Amino acid sequence: MATEAHGEETGGLVFHPLDQFIVKPLFGGEGPIHWYTITNVTLWLALAVLAIIALFIFGTRGRAVVPSRSQSVAEVLYGFTYKMVEDVAGKDAVKFFPYIFTLFMFILVSNYLGLLPMSFATTSHIAVTAVLALAVFLTVTIVGFVKNGVGFLSLFWVSSAPLVLRPILAIIELISYFVRPVSHSIRLGGNIMAGHAVMKVFAGFAAIAAVSPIAVLSITAIYGLEMLVAGVQAYVFTILTVVYLKDALHPAH
Amino acid sequence: MASGTEQTATDAAHGAADMAHEAGGAGMPQLDFGTFPNQIFWLVVALVVIFFVLSRVALPRIASVLAERQGTITNDIAAAEELKQKAVEAEDAYNQALAEARAEAQKIAAEAKAEIQAELDKATAVAEAEISAKAAESEKAIADIRAGAVESVKAVAKDATKDILGAFGTKADAKSITAAVTARMKG
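Order-wise, the sequence lines are chains A and B.
Under the working numbering, the first residue of the first sequence carries the number 2, and numbering increases by one thereafter.
Under the working numbering, the first residue of the second sequence carries the number 1083, and numbering increases by one thereafter.
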């Protein structure tokens, strides 16, 4: 494989920090990847789905008034997200709660599954995060126009600014609106990818005896940081979605 | 909306697939467009499954559990309020009973006191009557004794007067002596 070949050039040190992100078929060796091919992406997406089912279906099967541990976790996540949607976007945004909760749970679970050793981080791929961000962008835009009609354009018309500034602000607002899906997707994918790549680089250094203790300690420290990043990025993605939804439901500044 | 994205990505990917596979080793796997249709397809499948599992089963279940818990808590608080009310009533009844008992006790004590007072008054009256009767008797006895004593003194005085006059050689008649002694004793 090409990656192994160019790894040899560095001599003793072998760095493949990006190899962990390669999409490859699970069965049948190095065959071509069609849209239906079962790959490592499929495996780790399926594991995320199973983890969510385990927590939210199996974990809450008791329906207990005094909850079990897994039911408590499910309830805390539910309550946290529900309150966030209600507080930020208002009561009328609550009907979008299942959609937002789906996004939040998928990103959260995928981020943490990606931190397992030897795993594949699905949320480190721009293809995945771009689909999520574009889905949010399209939903928000469609909801905005359906709910407010042409009035949704008042989002770009800053009525509190002086009249001469308004056209300029409108252009800036318009650009920032269309940049949203880009920043929304790259923020998540970039954070997860960078964290995993840095850990792999330190793992490469661990091959040298002199620096290996430092490298191992660094991996530990970065891993701790990544545990934080995984949760924070899932939260950031979700709260931005809710903020965009608020813009769509109440476009007036 | 997702299927539209998938479609455009598929189109782009078909052209870029071979090129990306060649460059895949050197570049970022994230930019290997050949894998995009695959990732997007499976992502959409996963998201749809998660959405249906959550919105059809998990979220209604959690919502009902939370509502039930809220109901239980409200009921328990109402029951506690009721019991508290009962406790307050019981305390009131106890205090009232205590006040009644105290009043009763005071009444009984007052009655007993009055009875004792009446008996005491009666006994005092009887004793006073007895005492005054005794005193009257004693007075009479003293008066008798005094009268007796006066008589005796008169007799002794007459005798002594007669004897004294006799010693002086004067013979005095009994009548004049008696008159003299009686006159002296009056003075």
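Be careful, since some hints might not be right.
Among the chain B residues that face chain A by a calculated CB cut under 8 Å, a handful are [claimed, not checked]:
#1 Gln1112
#2 Thr1117
#3 Asn1120
#4 Phe1123
#5 Trp1124
#6 Glu1201
#7 Thr1243
#8 Ile1246
#9 Leu1247
#10 Phe1250
#11 Val1263
#12 Met1267
If you want the ones that stay clear, here's a sample from chain A, every Cβ over 12 Å from chain B, calculated [said to hold, decoys possible]:
#13 Gly30
#14 Trp45
#15 Leu51
#16 Pro118
#17 Thr123
#18 Ile173
#19 Ser177
#20 Val199
#21 Gly205
#22 Leu218
#23 Val230
Since the hints were made in silico from the structure, they are not lab data.
None of these values were measured; they are calculated from a predicted model.
Heads up, the beta-carbon is just placed ideally off N, CA and C, and yes, glycines get one too.
Tell me the numbers of any earlier hints that the structure contravenes, in ascending order.
Failing hints, ascending: 6, 7, 8, 9, 10, 11, 12, 14, 15 and 17.
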